[in-house]
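Residue numbers (the numbering used here), protein chains in the order written: chain A, 1 to 291; chain B, 1001 to 1303; chain C, 2001 to 2368.
Hints are computed from structural coordinates only; laboratory data are not their basis.
The model shown is predicted, which means the values in this text are computed figures rather than measured ones.
Virtual Cβ for every residue (Gly too), placed ideally from N, Cα, C.
Treat each hint with caution, since some may be false.
What the hints assert, rightly or not - So, partial list: chain C residues that the calculated Cβ filter (under 7 Å) puts toward chain B:
| # | residue |
| --- | --- |
| 1 | A2050 |
| 2 | F2052 |
| 3 | A2072 |
| 4 | N2073 |
| 5 | M2079 |
| 6 | F2081 |
| 7 | P2088 |
| 8 | G2099 |
| 9 | V2102 |
| 10 | P2106 |
| 11 | I2168 |
| 12 | Y2222 |
What the hints assert, rightly or not - Simulated restraints, written as ranges between beta carbons of each label pair:
| # | chain 1 | residue 1 | chain 2 | residue 2 | range |
| --- | --- | --- | --- | --- | --- |
| 13 | C | R2103 | B | L1218 | 19 to 27 Å |
| 14 | B | F1148 | C | Q2054 | 22 to 30 Å |
| 15 | C | S2038 | B | W1028 | 47 to 55 Å |
| 16 | B | F1111 | C | A2057 | 31 to 39 Å |
| 17 | A | P113 | B | F1148 | 54 to 62 Å |
| 18 | A | L37 | B | V1155 | 40 to 48 Å |
| 19 | A | R181 | C | S2038 | 36 to 44 Å |
| 20 | A | V43 | C | T2227 | 51 to 59 Å |
| 21 | A | P239 | B | S1114 | 36 to 44 Å |
The primary structure of each chain is shown beneath.
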Amino acid sequence: MTAGPNPAFAGRGVVDNVLRDAGLTPSRRARGLSKILWWGVFVVAVLYFFVPLYATFLFSLKARPNLAAYTNTLDDPQFIGSLLYSFVVGLITVVISMALLVPTAFWVRLRLPRLRRFIEFITLLPFVIPPVILVFGLLRTYSRAPIALTNSNLGSDALLVAAYVVLSFPYMYRAVDTGLRSIDVQSLAEASQSLGAGWLRTMWQVIFPNLRVSLLSGAFLTLAIVIGEFTVATFLARPAFGPYLSLIGGNKAYEPAAVALISFGLTWIAMGFLAVIGRGSRTRVQVTGAR
Amino acid sequence: MTETALPLSTGGALSARPLRRGRGLLNWLGVAPFLLFAVAFLIIPTVYLVVGSFQDAAGALTIKNYGDLLTPTNLRTYGNSIEISAVTAIAGAILGFLLAYAVIAGGLPRFLRSALMTFSGVASNFAGVPLALAFTFTLGRVGLLTLFVRNVVGVDLYNDHGFSLFSKLGLEIVYLYFQFPLMVLIIAPAIDGLKRDWREASENMGASTFQYWRYVALPILMPSLLGSTILLFANAFGAQATAYQLTGGSIDIATIAISRQIRGDVLFNEGLGYALAMGMVVIMAVSIGLYSILQRRSERWLK
Amino acid sequence: MAFLELTGIQKRFGDVAAVHDFNLAAERGEFISFLGPSGCGKTTTLRMIAGFEQPTAGTITVDGADMTHRPANRRNVGMVFQSYALFPNMSVADNIGFGLKVRKRPKDQIRKRVGELLELINLPDKGNRYPYQLSGGQQQRVALARALAIEPQVLLLDEPLSALDAKIRVALRHEIRSIQRQLGITTVYVTHDQEEALSLSDRVVVMSEGRVEQIGPPSEIYNFPATSFVASFVGTLNLLSAKVVDAPTGRLDLAGQEIRASAGIAGASAGTIVSVALRPESISLGEGAPGDNRLRGPLQDVSFLGSIVRMRLSLGDAAVSFDTFNDPNLELPSVGSVVTVSFPHEASLVLDHAPAPRSAEVAALAEA
Chain A
1 MTAGPNPAFA
11 GRGVVDNVLR
21 DAGLTPSRRA
31 RGLSKILWWG
41 VFVVAVLYFF
51 VPLYATFLFS
61 LKARPNLAAY
71 TNTLDDPQFI
81 GSLLYSFVVG
91 LITVVISMAL
101 LVPTAFWVRL
111 RLPRLRRFIE
121 FITLLPFVIP
131 PVILVFGLLR
141 TYSRAPIALT
151 NSNLGSDALL
161 VAAYVVLSFP
171 YMYRAVDTGL
181 RSIDVQSLAE
191 ASQSLGAGWL
201 RTMWQVIFPN
211 LRVSLLSGAF
221 LTLAIVIGEF
231 TVATFLARPA
241 FGPYLSLIGG
251 NKAYEPAAVA
261 LISFGLTWIA
271 MGFLAVIGRG
281 SRTRVQVTGA
291 R
Chain B
1001 MTETALPLST
1011 GGALSARPLR
1021 RGRGLLNWLG
1031 VAPFLLFAVA
1041 FLIIPTVYLV
1051 VGSFQDAAGA
1061 LTIKNYGDLL
1071 TPTNLRTYGN
1081 SIEISAVTAI
1091 AGAILGFLLA
1101 YAVIAGGLPR
1111 FLRSALMTFS
1121 GVASNFAGVP
1131 LALAFTFTLG
1141 RVGLLTLFVR
1151 NVVGVDLYND
1161 HGFSLFSKLG
1171 LEIVYLYFQF
1181 PLMVLIIAPA
1191 IDGLKRDWRE
1201 ASENMGASTF
1211 QYWRYVALPI
1221 LMPSLLGSTI
1231 LLFANAFGAQ
1241 ATAYQLTGGS
1251 IDIATIAISR
1261 QIRGDVLFNE
1271 GLGYALAMGM
1281 VVIMAVSIGL
1291 YSILQRRSER
1301 WLK
Chain C
2001 MAFLELTGIQ
2011 KRFGDVAAVH
2021 DFNLAAERGE
2031 FISFLGPSGC
2041 GKTTTLRMIA
2051 GFEQPTAGTI
2061 TVDGADMTHR
2071 PANRRNVGMV
2081 FQSYALFPNM
2091 SVADNIGFGL
2101 KVRKRPKDQI
2111 RKRVGELLEL
2121 INLPDKGNRY
2131 PYQLSGGQQQ
2141 RVALARALAI
2151 EPQVLLLDEP
2161 LSALDAKIRV
2171 ALRHEIRSIQ
2181 RQLGITTVYV
2191 THDQEEALSL
2201 SDRVVVMSEG
2211 RVEQIGPPSE
2221 IYNFPATSFV
2231 ASFVGTLNLL
2241 SAKVVDAPTG
2251 RLDLAGQEIR
2261 ASAGIAGASA
2271 GTIVSVALRP
2281 ESISLGEGAP
2291 GDNRLRGPLQ
2301 DVSFLGSIVR
2311 MRLSLGDAAV
2321 SFDTFNDPNL
2331 ELPSVGSVVT
2341 VSFPHEASLV
2351 LDHAPAPRSA
2361 EVAALAEA
C-alpha cells in the first residue's frame, strides 16, 4: 500500500496553503458552506411555521372596532361554554385513562411481563383505527338496542369520554411505561415492601411520586388532543370546542381568525407545560408517541 | 454481621416474596379493567364494523360490499387518499429530516434545537379545524399570501394558475404543516443516535464526506427514515377534520367518504360504509406494522 | 529523523489550553502510551495525530511528511475507538474492508485481505456476523482489524479496553501487543490505566493538565518518577513531608526520626520542607541491612490484598504503608504493637522542594 500522499491531491497543495494562511482548512470552509445551507433550511421551515399564523393574526385585526374579533369571541357564551365543556371532558378523560393504564403498565412490568407485547399491541390499536372509524363503530354499536347510549345527553357524553380514553391509550401507556422503565419499579417496590409498606402505600407514596413527570406529560398531551378534537365530537353531536370552531368558521368573518389563534395558543400552553415538566428529567416522552 | 441486622433482612425477603408468587387468575385483576374497557369501546365497535362489512342489508353473509369497493368512484377515493398521504409523507419526511439535521448536527446554535422541538410538538398537534382556518386566511382566495403574491409579485394563483386551496394540492400544502414537525419529532432520536465516532472512523479510513453518507450514515438512518415516512403516511391517511373543514366535505378522500356514510347522506349503503372503513383499517394496519418492524431494526442499530 | 514526530504541539479551545508544548519523537515500530487522568490532554493529542483536531501551533510529521494540516481522510493513520465505532449496518467483513472499499481496491483483493485479518484477530468464522451479535471484546478486535486493514503508518488506540471486563481487558491487552510486534507498526495508545501503560509500552508519556510530566520506559517511570504527580499517579506511593537536616548528605527529619535520602538535595538548606516518595514494596518489616533507613512506630492496620499484605505504620500525623508477600507461615504483628520497618536509602526519593500536597499515603489514582 502506498504510504505517501495520494498523487491526485498533489496539485491542491497550493490551494491548501492559501486557505491555511486565511485560517481556513478545506474541511472548515466546507463546513461554513453547509452551515449556510442548514440555515437556509431552517429559515424555510420557520416561514412555513409562521406565515399562516401571521396571516391569521393580521386577518383577526381587520375587524372593526379594533380587536372586535377578540372581544366578540370572548363575549360569546358559546365560546366559553364549549371550551369549558371540552376542558371538563378532557379532565375526566385524563383521570379515567390514568386509572386504567397506570395499574396496567405497573402490573405488566412486575407480574405479567409475558403480556407485554399484547398490551402494547392493544394500546397501539388507536393508531390503526383512526377517530373517524372509531366513532363509526361506536355509533353503530351503541346507538341501537340493546344499548342506545346516544339517546340521552349523558349517554352521549359518556360515549365521547370513552372514545377519548381510547384515543389517549397510546400516549398515556407510553408515558407511564417510559416512566416505569426509568425508575426500576421492581427494586423500588421490593425496597418499600422490605421496609414494611403495604401495596397501597407503596403505590401511593413510592411509585406515584416517581412517576409524576411521566403522568403529567401524558395528561397534558391528552388534554391538548381532546380540547381541539373535532371528528368524534361532531358525529356524537356534542357541544365541544372543535365543532364550535368549525361552526363559526363557516358563518362569521373575523372571529374565526381570533378563535383559531386562541386555539393555537392553548395547544402552545399545553406543550409549553410539557417542555417545562420534562426539563431535567431523564424521562423523555415523545410528543407524538407513535412508535 | 450484628444481630439486629438479621431479622430485618429476613423480614425483607419474606414480605418481598408475594410480588412474584401467586400467578393465578388474581394476576389478571390488575389488567382486567383496562382490557374490559378496550373490549367494550375499541374491540367490539371494530368487530361490529368487520362483521357488518360481510353482511348485506338483510344480514346474510356476503362479500359483495368488498366488490363494491372496486367501483371507479371508490377506487378514486382511495387513490386520492393514498396520493395525498404519500406526497405529504415524502415531502414532510425530507423537509423534516433536513430541519432536524440542521438543528441537531448542522452547527446551528443549541437553543434553536429545544425551541424547534417544542414548536414541533405544537405544530404536529395543530391539525384540524384551526389549521384549516389559518390556511384559509393565508392561501384562500383572499388570503394574505395570495394577495401578496398577486399584488407584489404579480402572479395570480387562483385566476391564472388554476390553484385552489380546496383542491388536492391545497390539502397537501395544509397537511405538510403538521407532517414535517411530526417528522422532526420522530427522526430526532435517530439523528442523535448517529455517533460522532462513526463519522470519524470512516474519515480515518479515508472516506470522503460523500462516501460517509453513502455507505454509513444513510444506511444506518434508512430504517428510521422509511419507518417515519410510513408513519407520516398513516398520519395523513387517517386525518379527517382538516380536510372536512377546508373543503366542507367536498373532497374525495377515504375519511370524508366514511363521514358521509356515518351521516348516511349520500348513496347510503351501510355494508359499503363498513367495507370502506375496513379498507382503511387494512391500509393503516399494514403501515403501522411496517413502521414497527423498521423501528425495531433501527433501535437495534442506534442503541 | 524519527518516524512520528510531534514538535511544539499546542491546542487551545477558546481560552482553555488543552495541550501545552507537546514534543515527542517515536521510532518506527515503537509502542508509546499516553498516560494520565481524564482531561489531561492525552486524547486531544491523539486526535490531532489522527487529524480530527487541528493543533493551534506546532507540527506533526510521519516518516518525514508534514501531516499537520492534512485532512483526516487523507492521512494513513488507523484508529481504534473507545466505543469501537463499528458500523452497525455492515457485517464484520464489510467493516474490516471499508477502508479498502473507499480506496476502490478490487473486490477479490479486499476479500483476501479481510480473510487474513480475521485470522489475525482469531475470528476466522465471524465475517458474516453483525457487530451487535458479537461480545464487546470481539467487537474491539474487529475494530482493530478494521484499523489495520488500510496498512496504516501509525496505529492509534483511544482507551480501547476501558469498556471491557477486567479479565477480557488483560487478555486483549496481550493480544494487541503481540499483533503490534508481529506487524512492527508504530503505535500510540491512550489510557488512564497505569498497569496497561506500564505492561504494554516501550515508552510511556505521562501527562497532567495538558503538560507532559515525563517520557520514558516503564521501569524508569515507575522507579524514578520525575515529578510528584508521576510518582503519585503511577503505582501506590507514600508521599511524606520531611525537613532537611543536612542537604549535601541528604539527611532528613521525618516526624522526628532521621533518614537518608537517595542523594544529596541540591538547592535546599537545613530546614527546607521536601516531599519524600517511598514505594510500599521497598519497605520491609524488621531492622534490615546495616546502614538502611529505619522507622519505628505503632502498627495502624493490616489488610490482605491477596498475594501481598499491606500494613500501615503510624508516624504521628502521617502514616507509611508497606507491603510484605503473603505466606501461610507469616507471623504478623498485631495492630497497635510497635514495630520497626526498614528500607534502603536509595528507595527514598526526594521529589520537589515545595511542601507535599498532604503528608499521608497517596493511593494510586489510576483506577479512579
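Return the numbers of the hints above that this structure violates; sort them in rising order.
-> Failing hints, ascending: 10, 11, 12, 14, 18, 19.
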